[in-house]
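Let chain A serve as the given structure and place chain B on it in line with the hints.
Each chain is listed here by its residues.
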Amino acid sequence: MAFGVYQARRNLPNPLVAGPGEAVLNPWLIIAGDGRITIITPRAEMGQGVQTTLAALVAEELDADWQQITALHGPAAQVYYNGVLIGLGLPFRDYALKRWQARVQKATDFLPRMMGMQVTGGSTSMRDGFEKMRLAGATARETLKLAAAQRLGLPAETLHTESGRVIAPDGRSLSYGELAGEAAAIPPPDGVALRPPARWKYLGRAMPRTDMVAKCTGTAEFGIDIRLPGMKFATVRMNPARTGMKGFDATAAKAMPGVERIVDLGDGIAVVASNTWLAMQAADAVEIEWEPPAWPPDSAGLEAMITAALDDSPNSHLRDDGDAAGQLARPPAGARLVEAEYRVPWLAHATMEPMNATALLEGDRLTIWSPNQAPLIAREKAAATLDLDEENVTVNTTFLGGGFGRRGEFDFTVLAARVAAAMPGVPVKVTWSREEDMTHDFYRPAAAARMRGLVADGTALALEARVAAPSVSRQASMRLAGLAPPGPDKGHVEGIFDQPYAIPHYSVYGHLADLALPVGFWRSVANSFNGFFHECFIDELAHAAGRDPLQFRLDLIRPAHAPSAMLLERLREMAGWSGRTPEGVGRGVALTYSFGTPVAEVVELRDSPRGIRVHEAWITVDPGTALDPGIIRAQMESGLIFGLSAAIHGQITFAGGAAEQRNFPDYELLRMHTTPKIHVDILENNKGPDGNAIGGTGEPGTPPAMPAIANALFDLTGRRARRLPLAGDFDFAV
Amino acid sequence: MPTSLVVNGRRHETDLPPDMPLLWVLRDELGLPGTKYGCGVGACGACTVHVAGRAVRACQVALADVQGSVTTIEGLGTPERPAPIQEEWIRHQVAQCGYCQSGQIMQAAALLAENPTPDDDAIDTAMAGNLCRCGTYSRIRAAIHAAARRMQGG
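Those protein sequence lines, which keep their order, are chains A and B. When we follow the numbering used here, the leftmost residue of the first sequence carries the number 1, and every step to the right adds one. When we follow the numbering used here, the leftmost residue of the second sequence carries the number 1001, and every step to the right adds one.
For the record, the hints were derived by calculation from the structure and aren't laboratory data. Fair warning: there could be bad hints in the mix.
Capping the alpha-carbon separation at 20 angstroms, the derived lysine to aspartate or glutamate pairs in EDC-like fashion look like this [to be verified]: (1) A:Lys254 / B:Asp1121; (2) A:Lys490 / A:Glu464; (3) A:Lys677 / B:Asp1124; (4) A:Lys677 / B:Asp1019; (5) A:Lys246 / A:Glu289; (6) A:Lys677 / A:Asp607.
DEER-style ranges, computed between Cβ atoms [stated by the list, open to error]: (7) A:Asp249 / B:Glu1114: 45 to 55 angstroms; (8) A:Ala214 / B:Pro1116: 39 to 49 angstroms; (9) A:Met574 / B:Arg1150: 24 to 34 angstroms; (10) B:Gly1068 / A:Asp249: 35 to 45 angstroms; (11) B:Val1006 / A:Arg227: 18 to 28 angstroms; (12) A:Met114 / B:Ala1113: 50 to 60 angstroms; (13) B:Arg1081 / A:Glu390: 41 to 51 angstroms; (14) B:Arg1081 / A:Asp264: 31 to 41 angstroms; (15) B:Glu1114 / A:Gly181: 37 to 47 angstroms.
Computed from a predicted structure; not experimentally measured. Glycine included, each C-beta is placed from N, C-alpha and C at the ideal position.
If we strip away everything but chain A, and leave its shape as in the complex, we get:
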């Protein structure tokens, strides 16, 4: 099977070209004569450590010396497609995945392959790369052994490899650098077996990150750092409503020294200048009259659309266990009805590096430098916009100063291409101001939920959830391909239809609000609101049932998914959870299963003279196989903090069709002194139906953070937090 996958993949062209003294062994591997090994890690490095672990997968099987490795994004190419992207979007519940469902998921590999989906997203990089990257390393290793066998006149089976060398039984050895040229001419052997985890040297350990030294010395090149000979610096001002422009007056801007060009983009303007600051100053001086938005201009109007969707008939019903409707209509004697509504706001990604890209148009050839999560899509869209052949468009992916889903969009890349088209032969770097970035996001949608449940005899008998929000999947698909995906929208109800709870009557409806306001993939996507809805309501059910909220969950989770139950037990032990907290201390718990990985969190709040403080947090996570525990810990902390920032402070509001928050003073995040002490433990029980599952870790830390803090607030204050952000209703220390 593994071999079959590799064979199929080999049919795709290898985009790598060997430089002087280099040999290309496959699309993931270049070995130089001096032994330097370049591993193409074709997923966007946006902080999640993906380059390090993808490189470790190759290095593990290759027996490469970690000190000799360089990891690069490499070119945009079909061979680097993400094979699991479509399969993982099928409406299965991962915690209860059947063997046939896992096979169906695998069988969809041809779709992203055909569509050339080189995409970093959905916490899929390890799930896609786990076998692929190890095969690339293992096959190259065997090819290097064949080359050494020829040189030494020995059978290849007698040779072994270690730290970048092939070693003969008599002690003679050849470096990979010496052998690479010959190895590249040998057809790679078939059916190379992968090593069992027990033999791993790099995998399963916290590896030094390949990008760490550069990022600690200011030498890592982000998109915003691109510098080319003769390059001009530009910025843009676009319509926040994404509609057109009635007109503009650039008289004052044109007169500013250093301003070289004002570009009329139709839906906005660009200023090209001799430095970025001049460009931004001049752009601010342009007077622009925008076309109005195609959606309600203010928050109240937008919220009303979401409420209307909730009142309307549902678009999906992806969980329907038992008869929740019947039970709720005629509750059995002794059962208690619990009802609650929840709301969460729009959110911005607010990556630390504002949107930017650089482009150079030379004749019919376009070269782009872009910190992006989907380079083939960026290429296709830039080519279409400038009416060029895709083959004539080159996309170089730089480091990303944060992504969180925002850089999966192609708008900023295409915009740079459009500005460059006005300056043929001149490279132009287009840097957005922070204000432009925050007001032209693809926002995490606002959402609302109507929850009803029944408790009896200390447990949950029924749960009915209705969730309303605009659809991220539909909008993204429309932008990408001009059509909405068929079938129910799983992406809208993930985090609530697929949770590992054995509630006998369990029903989840998705209601899509038809809103054109741009929404996009925000770290953990719909799990970011559904996790909040589900786990806050479970907490309400636990209290209505008179039970400890952790034990109440454990009793419902254990029959559904043993690894998730083990996570909660470990969490209880780590946090010393007793179900009782002293005056002035509140604790809350939550568990969300997302992207193949259950994560459980306890958040502890404490009253202080300056307001409520997030004092401590405990996280347990089970990705099945922990490829790099150091990076997984970092991602758990990162995910929790991302979730807490959103829960306490995050909200984008709208007035006049535009976001009212424009910069960090309006969009507060957790800081050093407001971040809790965090403890993480990693378990590896969640092995899936085939015993070899691997879950994502970039996103799953975020969803449970929001309900855990809301539940802790209830414990602290006795008041339920049913609306985010919490700082609106509770007094947090800042």
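The following block gives chain B in isolation, referenced to the frame of chain A:
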């Protein structure tokens, strides 16, 4: 306006508007991109550099107001010869996306120069203005403590 500016020990003669922020002088005019643009309003700390040894937000310092020599992340250490604080950052594997880390390191270096043995409260106070969207705060704290111990010879 002709201005003479010493950055990382090198003198630069510039002819730029006096109100141009030091951030953009460094990045676009002197080719030192290690100092990052994050907000332009002194609210994120990504552009932190040292002027006369003190940590400042380079986006808030006009070229004409630069009094003293400037040190940027590039002047602190290099990949081949990182400064001790950078070595601790590397040892603690602090960076994720890494975009804010130049500013974090420059802020922390200024703190340690002023207070060689900062406790958690002192670290909180000094680092409060430096945002990290990836949430690397706990490793930053650990790296600062380790760098402090190292400077004490411990």
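Task: Given hint Asp1124 (chain B) paired with Lys677 (chain A) - CA-CA distance at most 20 angstroms - done: holds, 13 angstroms
Open item on the list: Is 41 to 51 angstroms respected by the C-beta to C-beta distance linking Arg1081 (chain B) and Glu390 (chain A)?
Closed with: Given range 41 to 51 angstroms: holds, Cβ gap about 44 angstroms.
Task: Straight-line alpha-carbon gap Lys490 (chain A) to Glu464 (chain A), limit 20 angstroms - done: holds, 17 angstroms
Open item on the list: If I claimed the Cβ atoms of Met574 (chain A) and Arg1150 (chain B) lie 24 to 34 angstroms apart, would that claim hold in this structure?
Closed with: holds, 31 angstroms
Task: Cβ separation of Asp249 (chain A) and Glu1114 (chain B), checked against the hinted range 45 to 55 angstroms - done: For Asp249 (chain A) and Glu1114 (chain B) the Cβ distance comes to about 49 angstroms; the hint holds.
- [ ] Please work out if Lys677 (chain A) and Asp607 (chain A) have their alpha carbons no farther apart than 20 angstroms.
- [x] Distance ~16 angstroms between Lys677 (chain A) and Asp607 (chain A) Cα, so the pair holds.
TODO: Evaluate the given range 31 to 41 angstroms for the C-beta pair formed by Arg1081 (chain B) and Asp264 (chain A).
DONE: Cβ of Arg1081 (chain B) to Cβ of Asp264 (chain A): about 49 angstroms, so the range 31 to 41 angstroms is violated.
Open item on the list: Hint check: Lys246 (chain A) vs Glu289 (chain A), CA-CA at most 20 angstroms. Holds or violated?
Closed with: Holds, at roughly 5 angstroms.
Task: Proposed proximity, Asp1019 (chain B) with Lys677 (chain A) (alpha carbon, max 20 angstroms) - done: violated, 42 angstroms
- [ ] Take a look at whether the Cβ-Cβ distance between Gly1068 (chain B) and Asp249 (chain A) falls inside 35 to 45 angstroms.
- [x] Hint holds: Cβ distance 42 angstroms, inside 35 to 45 angstroms.
- [ ] Would you check the hint for Lys254 (chain A) and Asp1121 (chain B), treating anything up to 20 angstroms between C-alpha atoms as holding?
- [x] violated, 50 angstroms
Task: Supplied distance hint 50 to 60 angstroms, evaluated on CB atoms of Met114 (chain A) and Ala1113 (chain B) - done: Roughly 58 angstroms apart at Cβ, these two residues keep to the hinted range, so it holds.
Going through the hint list in order, the structure does not satisfy hints 1, 4, 8, 14, 15.
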